[in-house]
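Asks: Go ahead and model the full structure; you've got the sequences and the hints to work with.
Numbering (our numbering), first residue to last: 1 to 317.
There's no promise every hint is true.
What the hints assert, rightly or not - The calculated lysine-lysine pairs, modelled on DSS-like cross-linking and capped at a C-alpha distance of 27 Å, are:
{"no.": "1", "residue 1": "K284", "residue 2": "K78"}
{"no.": "2", "residue 1": "K211", "residue 2": "K120"}
{"no.": "3", "residue 1": "K239", "residue 2": "K69"}
{"no.": "4", "residue 1": "K239", "residue 2": "K284"}
{"no.": "5", "residue 1": "K120", "residue 2": "K204"}
By construction, these hints were calculated from the structure, which means they are not laboratory data.
Every value quoted in this text rests on a predicted model; they were computed, and no experiment measured them.
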Amino acid sequence: MDAAYNTKQSRKPLKTRKHRYMRAKGDIIFNIINYTVFILFTLICIFPFYYLLINTISDNELVRTGQIKLYPIGIHFKNYLALVNVNNLGASVMVSVARTVIGTATMVLASAFVGYLVTKRNMWGRRFIYRLLIITMYFNAGLIPWYLNMSMLGLTNNFWGYIIPGIVAPYNIILVKTYIESIPAELEESAFVDGAGYFTIFRKIIWPLSKPILATIAIFGAVGHWNSFTDSMILMSGKPELYTLQYRLYIYLSSTSNLSALMNSGGSVNESVLNAALNMRTVKLTVAMVTIIPILLVYPFMQRYFEKGIMIGAVKG
1 MDAAYNTKQS RKPLKTRKHR YMRAKGDIIF NIINYTVFIL FTLICIFPFY YLLINTISDN
61 ELVRTGQIKL YPIGIHFKNY LALVNVNNLG ASVMVSVART VIGTATMVLA SAFVGYLVTK
121 RNMWGRRFIY RLLIITMYFN AGLIPWYLNM SMLGLTNNFW GYIIPGIVAP YNIILVKTYI
181 ESIPAELEES AFVDGAGYFT IFRKIIWPLS KPILATIAIF GAVGHWNSFT DSMILMSGKP
241 ELYTLQYRLY IYLSSTSNLS ALMNSGGSVN ESVLNAALNM RTVKLTVAMV TIIPILLVYP
301 FMQRYFEKGI MIGAVKG
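Replies: Quick look at the structure:
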């Protein structure tokens, strides 16, 4: 009987080891499938940018005929050098950089402070002000009233026309408010006991703890300011020196398109202009690549804050 009992006891570890081995094997298969799917998804996301790059540095004739697929052929950088010859390109770059930096900084500061204030239940008119902000997300007066308003405020042909309208961003304020409400109230209460005021609490407690959501809205704001060009087209028509980079490249793209149409219609074009002109496909790809490069350089440094901030900011309604 003892021998039979010992035999049963000796068999149990074997069964447990087999069970553990089967479970580990399933985990390995799951990990392989998981990594394969995510690698393929990553390649799908990266390929459009890679495709843009190889088409902007390949032979223009091959690009025009669609022969560039997976790797560059006839590598050159003439397309990017041609953009250097665009009139006032350097000034437009400075305008876009200044607009993005100043506009994003003021928007983040305003969103953080207003988002913090509307969480205070003892604030006078808190609900009315908060609802008034939300209403602006759904109702818009239209382009003509907006232009007339900007004109009466003296913001046409004025650099601050890029900055002031974007300082108050209702959606970003909602994200910040939701995030701040997730911060333990005991932190503020202990600061109040120590004699700190609202501004001190905001500066020393709320602001440092809100870095994830602030980085998130900073990305939203920076991308919006960097890519915007319609306000430059509408508001800065009398001051070409205030054109943004995107609008300047849009003008260059339009002029190249007109030149291409003229050549296709059999019109006479100066030889030097003809040699300097790029085909339309290459111009579009080059302009697209130039406009997304800054965002691609900045985003990796903000990604960890962006992921955490957007997830936490979306927990509450």
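Asks: Each hint needs a verdict: does it hold in this structure or not?
Replies: Okay, the hints, checked on the actual structure:
{"no.": "1", "hint": "K284 - K78", "verdict": "holds (14 Å)"}
{"no.": "2", "hint": "K211 - K120", "verdict": "holds (20 Å)"}
{"no.": "3", "hint": "K239 - K69", "verdict": "violated (42 Å)"}
{"no.": "4", "hint": "K239 - K284", "verdict": "holds (25 Å)"}
{"no.": "5", "hint": "K120 - K204", "verdict": "holds (17 Å)"}
Hint 3 alone, counting from the list given before, is not met by this structure.
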